[in-house]
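So the protein lines, in turn, are chains D and U. So in this note's numbering, spot 135 of the first sequence is number 1257, and the numbers just go up one at a time. So in this note's numbering, spot 5 of the second sequence is number 156, and the numbers just go up one at a time.
Please keep in mind that the hints were generated in silico from the structure rather than gathered at the bench. Check before you lean on any hint, since a few could be wrong.
[Stated by the list, open to error] As a list, the in silico DSS-like pairs of lysine-lysine whose alpha-carbon atoms are at most 30 Å apart: (1) D:1369 x U:243; (2) D:1381 x D:1568; (3) U:184 x D:1568; (4) D:1536 x U:243; (5) D:1209 x U:194; (6) D:1536 x D:1153; (7) D:1600 x D:1153; (8) D:1209 x D:1153; (9) U:169 x D:1507; (10) U:194 x D:1526; (11) D:1568 x D:1600.
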Amino acid sequence: MNLANESITSLRQRLVAKEITPTDIVTDLAKVIEARNPALGSYLSIDVEAALKEASTADVSQPLGGIPIAIKDNINVTGQPCTCGSKFLQGTYTAPYDATSIMQLRAAGAVPMGRLNMDEFAMGSTTENSALGVTRNPWDLERVPGGSSGGSASSVGGHIAIAALGSDTGGSIRQPASLCGCVGLKPTYGRVSRYGLVAFASSLDQIGPLTKTVEDSALLLNHLCGKDSRDSTTLDESVPDFTAGLKSGIKGLRIGLPKEYFIEGVHPDVSAAVAAATKHFESLGAEIVEVSLPHTDCGVATYYVLAPAEASANLARFDGVRYGLRTAIQGDLLEHYMNTRAEGFGPEVKRRILLGTYVLSSGYYDAYYLKAQRARTLIRQDFEKAFEQVDVILSPTAPSPAHKLGEISNDPLKMYLEDVFTIAANLAGLPAISVPCGFADEGGKKLPVGLQLVGPHLDEATILRAAYAYEQSTDWHKAMPAI
Amino acid sequence: MSTPTIDIHRIATLSRLKLTDAEADQYASQLGKILDYVNVLEKHDLSGVEPSAHARPVFDVWREDVAMPSFTCEEALANAPRKSGDQFMIGKVVE
């Protein structure tokens, strides 16, 4: 029996039919993790005993009853580590509480199982910024899984997790999902509570699911959303059953192609896969409309001012006093802070703290931070106008398939441009999903390609319905890596 | 706008990050390149555009002033690198 290959939906059917037990799933999963994680490096740690204990009492009558969910290592789960891929928190922090999203998953019967690698404090697009280990792409172990939720994508794409939670600040769920051949969804900003997610850029961060299928994505989303008194940015909006309308088809759906997204520098196999997918959507009854997002060229620049600015403030809490690493060097309080932070943070985190501090500093605030906030307004308005014409917007998720390890990690700006198609949804707070749409051929290796669907504010249901219609009429999601 | 020279040591102190000389040189050069790229914003007329701190306009959120369950002293101190009794311990601040 290898239950690790199955979707949540299929496991739930078998659990309800009493063919299998939650303990069977955890046991199978533990076996494949032990066998494949040394090569993939998806998990940083896993407490199998705790998962088995929870599985033994899981309530199968609940909607996610008995389903193990792997968790990105920046979401707090009581009694487990939460390293954020950083030396700052490795071995020095045990979560004293559950994040709201974890409480909600538990209430639906799910079992949190395993801690997934990530770029340090979610800063990066390859997971190579993790200070704690290398994570590899299940489709080619010489390549990166994308990032920052690289462990989440590599574990789901590599079939050593049933499903996972990630977090997305500029594409950190969708881009790795695209590179590892799984489904990744970033909800509307404010849909999912950020309480218990270690903050990177508070106005952009959202928790979301990485799954093998679109139906699983909808099912998990059902149990992540909702108003939370502990996160004042959560929206007091009703949460529909996202699985309900999945199968109603896309006849007459208006799909927008932003002309600014079809740019030079996109890998030819990515362009071809997305073009073929567009035709496929048309054959399913969708209407394809060209739209314009005229401030697309501001996206990456706006993001790399706002996100580091917010990060520089958020990461001020890492002071070596309340938790985490503390320097052994003696000195006054300022020296204590400066040495502690120099020892705890890796290069990319330092780079972004410095950049964020600079753009917020006296004399440069107006020139950079305020300007980027103004550009953010224009980017949001671009989408509002486009959604007067169309129901969803389609594009590639990432400009290229997975790069080789080390290929882009030494050039910060090049890595930042990996997020060119995903960033705008965070800046505008919109829901977006990445679904497998084909393969690129790189040196004889098949590498997954994903397409992105962005929807209007709070309209996860429509992007899920479109993604489901596409997925169910293609075979991409059935392909499995040969590991 | 042309990218100004970055006083990396001032920024590092504001950031509470001790940098080696090699790191300072490297970060100053990398930040310069990133800020050059950010100048793409100059291509658009941003004057008169309302700045957005959030994706959607956010208003003050109120709640009743009722205490909610929170950490015990022991839980709050569980991860402290240094503690004394029921308090966090830091270096001497006042001479």
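Between residue 1536 of chain D and residue 243 of chain U, does the CA-CA distance stay at or below 30 Å?
Distance of about 44 Å is beyond 30 Å: violated.
For a C-alpha distance cap of 30 Å, please report whether residue 169 of chain U and residue 1507 of chain D respect it.
violated (46 Å)
Would you check the hint for residue 1209 of chain D and residue 194 of chain U, treating anything up to 30 Å between C-alpha atoms as holding?
Since the Cα atoms of residue 1209 of chain D and residue 194 of chain U sit roughly 40 Å apart, the hinted pair is violated (cutoff 30 Å).
Hey, residue 1600 of chain D versus residue 1153 of chain D, does the alpha-carbon distance stay inside 30 Å?
holds (22 Å)
For a C-alpha distance cap of 30 Å, please report whether residue 1209 of chain D and residue 1153 of chain D respect it.
The given pair, whose Cα atoms are some 28 Å apart, holds under the 30 Å limit.
So if I understand the rule, the pair passes when the alpha-carbon distance is 30 Å or less; does residue 1568 of chain D with residue 1600 of chain D pass?
Holds - the C-alpha atoms of residue 1600 of chain D and residue 1568 of chain D are around 14 Å apart, at most 30 Å.
Taken at face value, is the distance from the CA of residue 1153 of chain D to the CA of residue 1536 of chain D at most 30 Å?
violated (38 Å)
Is residue 194 of chain U close enough to residue 1526 of chain D, meaning Cα to Cα at most 30 Å?
violated (34 Å)
Is residue 1381 of chain D within 30 Å of residue 1568 of chain D, Cα to Cα?
Within the cut-off at roughly 28 Å; holds.
For residue 1369 of chain D and residue 243 of chain U, compute the direct alpha-carbon distance and say whether it is at most 30 Å.
Given pair residue 1369 of chain D, residue 243 of chain U is violated - Cα atoms ~65 Å apart, limit 30 Å.
Does the structure keep residue 184 of chain U and residue 1568 of chain D at a Cα separation of 30 Å or less?
violated (34 Å)
Checked against the numbered hints given earlier, this structure breaks hints 1, 3, 4, 5, 6, 9, 10; the rest are met.
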